[in-house]
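S.K.: So you can see what is in the structure, the chains are spelled out below.
Protein chains: 4
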Amino acid sequence: MNGREVPVPPRPARPLVEGERVVARRKEGESYLLTLTRGPTLIEGLGVLDLSPAIGSEEGVEVPLAGRLFRIFRPSLPDLVSQMRRRAQIITPKDALSLLYLAGVRPGAFVLEAGTGSGGLTLFLATMVGESGHVVSYDRRPEHQKVARENLERSGLLSRVTLRIQDVTHGFDVREADSVILDLPEPWRVLASAKESLRPGGYLATYTPTFNQLEQSVRAMREAGFEGVRALELLERGLHVGEGGTRPEFEMLGHTGFLAAGRRIA
Amino acid sequence: MNGREVPVPPRPARPLVEGERVVARRKEGESYLLTLTRGPTLIEGLGVLDLSPAIGSEEGVEVPLAGRLFRIFRPSLPDLVSQMRRRAQIITPKDALSLLYLAGVRPGAFVLEAGTGSGGLTLFLATMVGESGHVVSYDRRPEHQKVARENLERSGLLSRVTLRIQDVTHGFDVREADSVILDLPEPWRVLASAKESLRPGGYLATYTPTFNQLEQSVRAMREAGFEGVRALELLERGLHVGEGGTRPEFEMLGHTGFLAAGRRIA
Amino acid sequence: MNGREVPVPPRPARPLVEGERVVARRKEGESYLLTLTRGPTLIEGLGVLDLSPAIGSEEGVEVPLAGRLFRIFRPSLPDLVSQMRRRAQIITPKDALSLLYLAGVRPGAFVLEAGTGSGGLTLFLATMVGESGHVVSYDRRPEHQKVARENLERSGLLSRVTLRIQDVTHGFDVREADSVILDLPEPWRVLASAKESLRPGGYLATYTPTFNQLEQSVRAMREAGFEGVRALELLERGLHVGEGGTRPEFEMLGHTGFLAAGRRIA
Amino acid sequence: MNGREVPVPPRPARPLVEGERVVARRKEGESYLLTLTRGPTLIEGLGVLDLSPAIGSEEGVEVPLAGRLFRIFRPSLPDLVSQMRRRAQIITPKDALSLLYLAGVRPGAFVLEAGTGSGGLTLFLATMVGESGHVVSYDRRPEHQKVARENLERSGLLSRVTLRIQDVTHGFDVREADSVILDLPEPWRVLASAKESLRPGGYLATYTPTFNQLEQSVRAMREAGFEGVRALELLERGLHVGEGGTRPEFEMLGHTGFLAAGRRIA
Numbered sequence: 045m046n047g048r049e050v051p052v053p054p055r056p057a058r059p060l061v062e063g064e065r066v067v068a069r070r071k072e073g074e075s076y077l078l079t080l081t082r083g084p085t086l087i088e089g090l091g092v093l094d095l096s097p098a099i100g101s102e103e104g105v106e107v108p109l110a111g112r113l114f115r116i117f118r119p120s121l122p123d124l125v126s127q128m129r130r131r132a133q134i135i136t137p138k139d140a141l142s143l144l145y146l147a148g149v150r151p152g153a154f155v156l157e158a159g160t161g162s163g164g165l166t167l168f169l170a171t172m173v174g175e176s177g178h179v180v181s182y183d184r185r186p187e188h189q190k191v192a193r194e195n196l197e198r199s200g201l202l203s204r205v206t207l208r209i210q211d212v213t214h215g216f217d218v219r220e221a222d223s224v225i226l227d228l229p230e231p232w233r234v235l236a237s238a239k240e241s242l243r244p245g246g247y248l249a250t251y252t253p254t255f256n257q258l259e260q261s262v263r264a265m266r267e268a269g270f271e272g273v274r275a276l277e278l279l280e281r282g283l284h285v286g287e288g289g290t291r292p293e294f295e296m297l298g299h300t301g302f303l304a305a306g307r308r309i310a
Numbered sequence: 045m046n047g048r049e050v051p052v053p054p055r056p057a058r059p060l061v062e063g064e065r066v067v068a069r070r071k072e073g074e075s076y077l078l079t080l081t082r083g084p085t086l087i088e089g090l091g092v093l094d095l096s097p098a099i100g101s102e103e104g105v106e107v108p109l110a111g112r113l114f115r116i117f118r119p120s121l122p123d124l125v126s127q128m129r130r131r132a133q134i135i136t137p138k139d140a141l142s143l144l145y146l147a148g149v150r151p152g153a154f155v156l157e158a159g160t161g162s163g164g165l166t167l168f169l170a171t172m173v174g175e176s177g178h179v180v181s182y183d184r185r186p187e188h189q190k191v192a193r194e195n196l197e198r199s200g201l202l203s204r205v206t207l208r209i210q211d212v213t214h215g216f217d218v219r220e221a222d223s224v225i226l227d228l229p230e231p232w233r234v235l236a237s238a239k240e241s242l243r244p245g246g247y248l249a250t251y252t253p254t255f256n257q258l259e260q261s262v263r264a265m266r267e268a269g270f271e272g273v274r275a276l277e278l279l280e281r282g283l284h285v286g287e288g289g290t291r292p293e294f295e296m297l298g299h300t301g302f303l304a305a306g307r308r309i310a
Numbered sequence: 045m046n047g048r049e050v051p052v053p054p055r056p057a058r059p060l061v062e063g064e065r066v067v068a069r070r071k072e073g074e075s076y077l078l079t080l081t082r083g084p085t086l087i088e089g090l091g092v093l094d095l096s097p098a099i100g101s102e103e104g105v106e107v108p109l110a111g112r113l114f115r116i117f118r119p120s121l122p123d124l125v126s127q128m129r130r131r132a133q134i135i136t137p138k139d140a141l142s143l144l145y146l147a148g149v150r151p152g153a154f155v156l157e158a159g160t161g162s163g164g165l166t167l168f169l170a171t172m173v174g175e176s177g178h179v180v181s182y183d184r185r186p187e188h189q190k191v192a193r194e195n196l197e198r199s200g201l202l203s204r205v206t207l208r209i210q211d212v213t214h215g216f217d218v219r220e221a222d223s224v225i226l227d228l229p230e231p232w233r234v235l236a237s238a239k240e241s242l243r244p245g246g247y248l249a250t251y252t253p254t255f256n257q258l259e260q261s262v263r264a265m266r267e268a269g270f271e272g273v274r275a276l277e278l279l280e281r282g283l284h285v286g287e288g289g290t291r292p293e294f295e296m297l298g299h300t301g302f303l304a305a306g307r308r309i310a
Numbered sequence: 045m046n047g048r049e050v051p052v053p054p055r056p057a058r059p060l061v062e063g064e065r066v067v068a069r070r071k072e073g074e075s076y077l078l079t080l081t082r083g084p085t086l087i088e089g090l091g092v093l094d095l096s097p098a099i100g101s102e103e104g105v106e107v108p109l110a111g112r113l114f115r116i117f118r119p120s121l122p123d124l125v126s127q128m129r130r131r132a133q134i135i136t137p138k139d140a141l142s143l144l145y146l147a148g149v150r151p152g153a154f155v156l157e158a159g160t161g162s163g164g165l166t167l168f169l170a171t172m173v174g175e176s177g178h179v180v181s182y183d184r185r186p187e188h189q190k191v192a193r194e195n196l197e198r199s200g201l202l203s204r205v206t207l208r209i210q211d212v213t214h215g216f217d218v219r220e221a222d223s224v225i226l227d228l229p230e231p232w233r234v235l236a237s238a239k240e241s242l243r244p245g246g247y248l249a250t251y252t253p254t255f256n257q258l259e260q261s262v263r264a265m266r267e268a269g270f271e272g273v274r275a276l277e278l279l280e281r282g283l284h285v286g287e288g289g290t291r292p293e294f295e296m297l298g299h300t301g302f303l304a305a306g307r308r309i310a
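Chains as they are written, first to last, in this note's numbering: chain Y, 45 to 310; chain Z, 45 to 310; chain U, 45 to 310; chain G, 45 to 310.
Since the hints were derived computationally from the structure, they do not count as laboratory data. Here the structure is a predicted model, which means the values were calculated and not measured. One should not assume that every hint holds.
Claimed, not checked - Derived pair list, reagent style PhoX-like, types lysine-lysine, alpha-carbon separation capped at 20 Å:
| # | chain 1 | residue 1 | chain 2 | residue 2 |
| --- | --- | --- | --- | --- |
| 1 | Z | K239 | Y | K71 |
| 2 | G | K71 | U | K239 |
| 3 | G | K71 | U | K71 |
| 4 | Y | K239 | Z | K71 |
Unchecked claim - Some chain G residues flagged as far from chain Z (calculated, every beta-carbon gap over 10 Å):
| # | residue |
| --- | --- |
| 5 | K71 |
| 6 | I87 |
| 7 | V273 |
| 8 | A310 |
Don't be surprised by glycine CBs; every beta carbon is placed ideally from N, CA and C.
Could you build all of it, start to finish, from the sequences and the hints given here?
M.R.: This is the structure:
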């Protein structure tokens with residue numbers, strides 16, 4: 045069987061380059077999302093960091109600031125999420141990930157999203173579609189798109205996202221999408237145009253806070269001819285491993301949202 | 045702000061090509077993972093399907109079989125998951141997705157996994173790293189890797205995965221990984237070599253069924269110098285929207301596994 | 045402080061008496077609910093038991109049957125629950141107990157219940173109101189009340205329960221109740237008469253399977269002037285302590301019912 | 045079948061009597077636990093209440109204070125719980141109720157409890173055993189028992205409870221208990237003496253915060269010969285019925301404690 049082994053591809057060195065987004069991390073819980081530049085970089089409340097030694101180095105390189113050492117990394121998705129500025133309530137990773145899955149999102153996918161909100165889900169989408177994919181995100185509220193744009197720009201992901209200030213109850217203006225994800229109060233009002241925007245085989249997913257919205261969404265999806273419609277919710281429970289033993293954490297979010305999804309077949 | 049809008053990239057037609065993997069779908073719950081060929085394709089218990097009209101067509105094209113119509117699609121990740129053959133218990137999507145997230149996996153990532161099992165998590169990894177990423181998956185049991193190889197081959201993802209029949213307690217043989225994911229009974233035994241295999245900034249994630257294993261894993265990760273170590277579990281609850289109203293589903297999986305993750309900084 | 049200690053009351057011997065209900069228990073999971081009589085007692089599939097040596101003995105006394113020993117006990121509430129015959133789906137202990145609590149049921153209470161179903165909740169109520177309390181249980185379906193009557197009779201609790209074959213949408217016929225518990229499809233249809241049946245300070249509780257029923261119940265309770273209306277659900281998760289360690293059990297009931305309760309003040 | 049109907053017992057009037065504990069309730073969420081006396085009753089921050097008109101009246105009678113009306117009721121168990129003063133973390137009703145059930149507690153039962161803590165579980169026990177039952181509660185910390193004593197006295201339940209300042213690792217000093225409930229850090233240290241204190245057929249229940257304590261308790265219970273040992277946890281999820289629809293509440297307690305129970309047979 046080893047004769048059929050797929051060879052491990054070469055891993056070329058990937059030194060940090062000027063202009064890319066990086067995370068400067070001092071120790072647990074203290075990290076800053078920055079652009080890697082040769083000039084001085086101000087970190088509010090801490091001082092000025094000289095990042096130039098990091099340019100051309102590998103990830104993990106140490107840079108000093110006022111007697112402390114910062115390590116420089118490319119930002120991971122968890123880094124980006126923790127650094128988001130939020131206007132609206134932001135989606136939890138568990139829900140963002142499951143919406144992605146239920147909506148069939150993967151590298152190369154072409155995804156429509158409404159509404160944009162603070163861009164929390166957009167960040168997940170833009171990361172997961174990769175460089176070969178694209179996201180078009182709609183919101184009718186300019187102030188939301190402004191926050192989302194900033195978040196995406198800071199995360200280095202804006203080039204993968206088209207942000208449209210547009211009320212999708214008047215329709216989406218893009219076709220042949222692989223996935224449509226609706227984080228709207230009344231998703232059932234846009235199902236017809238969402239379906240038209242999907243290629244055959246594409247998925248629609250909705251995310252709603254109340255059971256009433258979930259119910260109406262699921263019924264409307266069935267009526268609109270979506271197939272395999274299913275609905276679920278996810279509960280995340282932290283686990284605390286301490287000196288005295290292990291137990292679930294006391295704090296827990298009792299509710300985030302209900303997910304539903306179906307597929308356009310015909 | 046519209047002046048700064050990122051243009052929607054062109055969406056070239058992507059007709060189905062001979063030799064690629066497709067799903068033939070008749071109706072909900074009845075679909076078949078096939079290779080698109082010109083010759084006759086046998087579907088056990090149903091008959092012989094002539095897929096040649098689908099070659100060069102767009103997704104969603106209809107193909108007849110014994111008076112029924114099948115629609116042909118490129119397989120989505122949910123399609124692949126539902127078509128898996130399993131030897132061991134297979135990981136749930138909620139857990140696979142969160143492990144991916146906690147381990148910082150994204151398009152282009154280079155990921156190590158142990159053990160392979162039936163290749164359930166491998167399927168998620170191979171999908172999400174995309175064409176530019178790679179997965180090396182270790183298992184010391186040849187019979188597991190055989191099932192995993194078949195699953196990956198049927199899914200059209202084998203070229204992204206190097207399968208190694210190897211006991212990782214003797215160490216990983218690859219370096220500069222972005223992520224290491226351990227689905228092993230005793231992950232603490234391989235933490236030292238797992239850490240060496242990670243690039244600075246890379247993530248380690250573990251998946252274990254008992255609290256005892258979780259506890260020992262978390263303690264060992266802290267001792268091995270992983271930072272930001274956290275642990276959690278996810279509960280999925282289906283929701284039933286029926287004629288009589290909406291309620292959570294009666295059937296529920298009470299436990300799947302505990303997730304833990306940390307980051308190699310130094 | 046010890047000088048103010050409440051003395052432990054004397055614990056008189058309470059030998060088993062002829063005619064009372066007992067449980068004959070051979071080993072875990074194998075026990076039988078019987079009446080303590082001097083004559084032979086048939087246990088289906090096992091043979092004939094002579095319980096007469098148990099009369100006048102303390103609980104735990106051993107009685108032989110065909111070479112095996114059975115121990116004789118007074119039945120506990122868990123014993124009674126496990127021995128119930130059921131026609132309808134039976135309420136889980138967690139829900140029965142919380143309904144009792146939310147409805148303010150305690151020893152001496154006078155409680156109305158509708159509908160009776162198989163008498164599962166009635167069993168809890170009759171046990172918890174004690175000898176000085178009473179339960180009136182309504183159901184319009186004679187076949188349900190027949191099963192409930194048998195269950196209560198077998199449990200030795202029938203003397204505490206008045207079973208009425210009556211459709212309570214036409215009103216309850218008893219007043220000054222401490223608690224009313226509604227396990228009905230449309231509890232909102234009987235709230236007005238339920239409120240009239242309650243003494244000031246008494247509690248109403250409802251138990252419904254769908255979100256829609258819960259919502260309509262809660263709104264109707266508020267409109268009917270019930271105070272402190274609250275709603276909740278309980279999830280029970282078994283824990284498995286095995287040789288390999290401890291974990292939550294895989295099997296779990298994902299949903300039983302929603303509880304709501306409020307109080308009649310004015 | 046109506047001919048066999050158990051008659052509803054007469055419900056004699058039960059006017060409020062001087063000296064008993066009452067709740068004065070103004071409106072939702074504002075209530076005071078008081079003793080019904082003829083003299084003036086001070087409510088801190090509100091003024092002086094003259095409760096004498098309530099003596100001899102039925103529950104629900106209105107009494108004025110500074111232009112507001114208070115209604116006077118006998119306290120329910122939920123009233124008592126909400127009025128508790130706590131030193132330690134107090135047990136949730138869902139857990140208290142299930143411990144009661146698992147330990148077979150019912151009216152007339154004779155129950156041992158260790159440790160007393162703030163008396164939260166003691167309050168449930170003293171209520172549910174009724175006037176014919178009794179609770180002996182042990183705690184080695186005098187300051188805990190002081191708070192518990194005050195809580196029980198304010199609740200009018202002290203006469204049903206013997207409070208002992210005693211370390212039960214040296215043994216219980218009472219026999220023939222129906223139930224023993226252990227809310228201790230190391231319940232396994234007292235299992236032998238707990239078993240001796242139980243009558244045959246009696247139940248032991250434990251309540252512990254960590255997996256490790258649960259595991260050790262369950263193993264020790266099995267080794268000590270307890271039968272039918274089971275373990276579980278309960279999650280309570282509030283439901284919010286608002287104008288915009290119904291959803292689970294955002295706030296939720298992620299963990300309270302693990303319950304385990306078994307029965308002394310031999």
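S.K.: A separate judgement is required for each hint: does it hold in the structure or not?
M.R.: Here is what the structure says about each hint:
1. K239/Z <-> K71/Y: Given that 20 Å is the threshold and the Cα spacing comes to 18 Å, the pair holds.
2. K71/G <-> K239/U: Satisfied, since the Cα-Cα distance of roughly 18 Å is no more than 20 Å.
3. K71/G <-> K71/U: violated (53 Å)
4. K239/Y <-> K71/Z: holds (18 Å)
5. K71: holds (33 Å)
6. I87: holds (44 Å)
7. V273: Holds, because the least Cβ-Cβ distance between V273/G and chain Z comes to about 18 Å, which exceeds 10 Å.
8. A310: holds (31 Å)
Comparing the model with each earlier hint shows a violation of hint 3 alone; every other hint is respected.
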